[in-house]
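If you're matching them up, the sequences are chains A and B in order.
Here the first sequence stands for residues 89 to 459, where the numbers follow my numbering.
Here the second sequence stands for residues 89 to 459, where the numbers follow my numbering.
Just so you know, the hints here were simulated from the structure itself, not pulled from any lab data.
The beta carbon of each residue, even a glycine, is placed where N, CA and C say it ideally should be.
Please note: incorrect hints may appear among the correct ones.
What the hints assert, rightly or not - Quick list of the computed label-pair ranges, beta carbon to beta carbon:
1) Gly169(B) - Arg209(A): 43 to 49 Å
2) Ser408(B) - Ser367(A): 32 to 38 Å
3) Gly223(A) - Asp325(B): 34 to 40 Å
4) Asp212(B) - Ala360(A): 38 to 44 Å
5) Gly365(A) - Gly93(B): 39 to 45 Å
6) Asp237(B) - Arg209(A): 47 to 53 Å
7) Arg409(A) - Asp237(B): 57 to 63 Å
8) Met134(B) - Met208(A): 44 to 50 Å
9) Ser408(B) - Lys416(A): 18 to 24 Å
10) Gly111(A) - Met134(B): 30 to 36 Å
11) Leu98(B) - Met134(A): 39 to 45 Å
2 protein chains.
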Amino acid sequence: MAGPGDTCRLRLVKLRRALLRRGLDGLLVTGYGNRRYLSGYTAADMGFAESAGFLFIPTRGTPFLLTDSRYQTQAAAEAPGFEVVLYRKGLVPLLRSLFADLGVRGFGFESAYISHALAMRIIDACAVDGIRARGVSRLVERQRQVKDDDETDAIRRSVLLNEEVFNEFIPRLVPGMSEREAALVIETLMREKGASGPCFPTIVAAGENGARPHAEPSARKIKKGEPVVIDMGLVLDGYCSDMTRTVVLGKVDKKTREHIRLVRRAQQAAIAAVRAGTSARVVDRAARTIIREAGHGDNFGHATGHGVGLEVHEAPALGSRSYLRLRKNMVVTVEPGVYLPGIAGVRLENMVVVGEKGCEVLNRDTTFLDL
Amino acid sequence: MAGPGDTCRLRLVKLRRALLRRGLDGLLVTGYGNRRYLSGYTAADMGFAESAGFLFIPTRGTPFLLTDSRYQTQAAAEAPGFEVVLYRKGLVPLLRSLFADLGVRGFGFESAYISHALAMRIIDACAVDGIRARGVSRLVERQRQVKDDDETDAIRRSVLLNEEVFNEFIPRLVPGMSEREAALVIETLMREKGASGPCFPTIVAAGENGARPHAEPSARKIKKGEPVVIDMGLVLDGYCSDMTRTVVLGKVDKKTREHIRLVRRAQQAAIAAVRAGTSARVVDRAARTIIREAGHGDNFGHATGHGVGLEVHEAPALGSRSYLRLRKNMVVTVEPGVYLPGIAGVRLENMVVVGEKGCEVLNRDTTFLDL
């Protein structure tokens, strides 16, 4: 049976091929998602400045997990194929001695996941030893776009648990509850049901607040008859889910019904466009055209979707300028929205797995989707 | 009365003086805490890659808050002294046109709070226009070390709410509860009582798990008689609190009592050493000496404390190599610990405000502190 060690080994083989093609002797991995994907090590970083560790993947031989004493036990347990090395005097001196041992002449670092300050310290220190450090981008992210079967299964479980939370939450949602209270109920249910937690701050945005795509839940009380945007996602076994529903308490008036139906039509058109070989922007356009033709071209400012996996926002983006071709087993959201400033917003979001001839919609829930 | 606008204006005056001394025409502010401190804008970033906005503080004239359309309303409402500008085509083109309008020749960016990738794009684009972009560090952080009275009040409220949560939690802590369940109860109470949430993942670490200073709560059930390290903090009105208690359910055996007493003695010695003018390392040494003399020098690996404010880990650090002199109205934790691998850990943490002749301990709770 393939344990996580084997999974990581295959991923490392692919990465090493990409490194060799670029003439690099190794890659310093600094991003949480990439680190976890390649090693199995699950620790999260604390903010920008406090890393839970770094990987160094030489093109041959044992890969390294560099961390500090707080994480030693966890690192050794979770990343069996890696040699765990502690930086007692900081990362930079450790890298220098490691590179000397390995004979590294030039290596890449993840330019998007390292601070300018740390990158410059590494570059300068390595230059002293005649080693070239070069910023690279998307080497591991590109690999992560296409999910293994184990990953798709984990994402599916995450989606279904998220829906379970949503379905327990809905009967508790009553007029007079504040957005903040509602978000708290949702996040508490997530944790009670075994999720590590939400993978982004839950959005509950009623009436005019729903017109802000990234509204923070406020003390505003939810009223009957107004659309309430609920955007929620959780982490289960490391994998994220992401779903948006727009619900109405009590009677749905004609205007709101049309608003929701328009977004749903846009969503269904985009879902129908998803298949391997299609350009990501074609999926975006499918949704956008319907919204524009309904006269709301200016009320849909964000992209139609994004990849989901170990992180809630991953490649690929499904935007109007995304030329990437979709590939089998990419997992993406499809989430058009129509936002009427000062009035209300509607967004509907499902997750799909890209297939050869179409896609599999991971969501089962249909609350307020098909009015 | 001094509104937040006035507070920010004073902070900007100080910052501008520092910029002029360095020959810079402005500062690009990228860190969440620094951004909020200078502008009042409360939005948080999503991970490493997704910023909620940037400030550009020219040495004279109106400061700017650069963000995207999702945050426009919030930015305008929260940062009244700032001109909110949206980047429709990305940050870099906006900066170029802004710098051209303002006649900027050279400016600083926060090297520790920007990715290497984005910094390089800014540096390269500015070079084309003959503008010098230079990484700077700790300009705003240094200012933030010393708290205004309003800030100290906000931190005090955060500490007291955190203790209220702790005191409601303790009667619910029973043998057989898992670490994870306990952490969930704590974090739910935080939110129910009006906190924005925890300011770091709550630690509940029983028995041998307590020997790992940054243990993640696990499914392990808490047993009678073993020390349980509870490290918790919340955000209230933007300000953080941070407290650790080590509690025992049922009878406390002699060994554990001595273990707790040793850490408490070390903590009290450190607290007694805190006053304006004292070097941070002297405070650290006060705790460390007591632990070393008890034969546990190797069992206390981390620093004795750190600053707390808008972020839970701020300057100054109270470590063995922290030469900084404490100043009046700095707010720091005092949190020595003794960790016995495979057996148990004890850490005790209070927060104090540095005064002229000593310090004010912000905590009121004494659970298991004075056995």
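Going through the hints against the structure:
no. : hint                              : verdict
1   : Gly169(B) - Arg209(A): 43 to 49 Å : violated (35 Å)
2   : Ser408(B) - Ser367(A): 32 to 38 Å : violated (57 Å)
3   : Gly223(A) - Asp325(B): 34 to 40 Å : holds (39 Å)
4   : Asp212(B) - Ala360(A): 38 to 44 Å : holds (42 Å)
5   : Gly365(A) - Gly93(B): 39 to 45 Å  : violated (55 Å)
6   : Asp237(B) - Arg209(A): 47 to 53 Å : violated (37 Å)
7   : Arg409(A) - Asp237(B): 57 to 63 Å : violated (49 Å)
8   : Met134(B) - Met208(A): 44 to 50 Å : violated (25 Å)
9   : Ser408(B) - Lys416(A): 18 to 24 Å : violated (55 Å)
10  : Gly111(A) - Met134(B): 30 to 36 Å : holds (34 Å)
11  : Leu98(B) - Met134(A): 39 to 45 Å  : violated (30 Å)
Taken one by one, the earlier hints fail for this structure at numbers 1, 2, 5, 6, 7, 8, 9 and 11, listed in ascending order.
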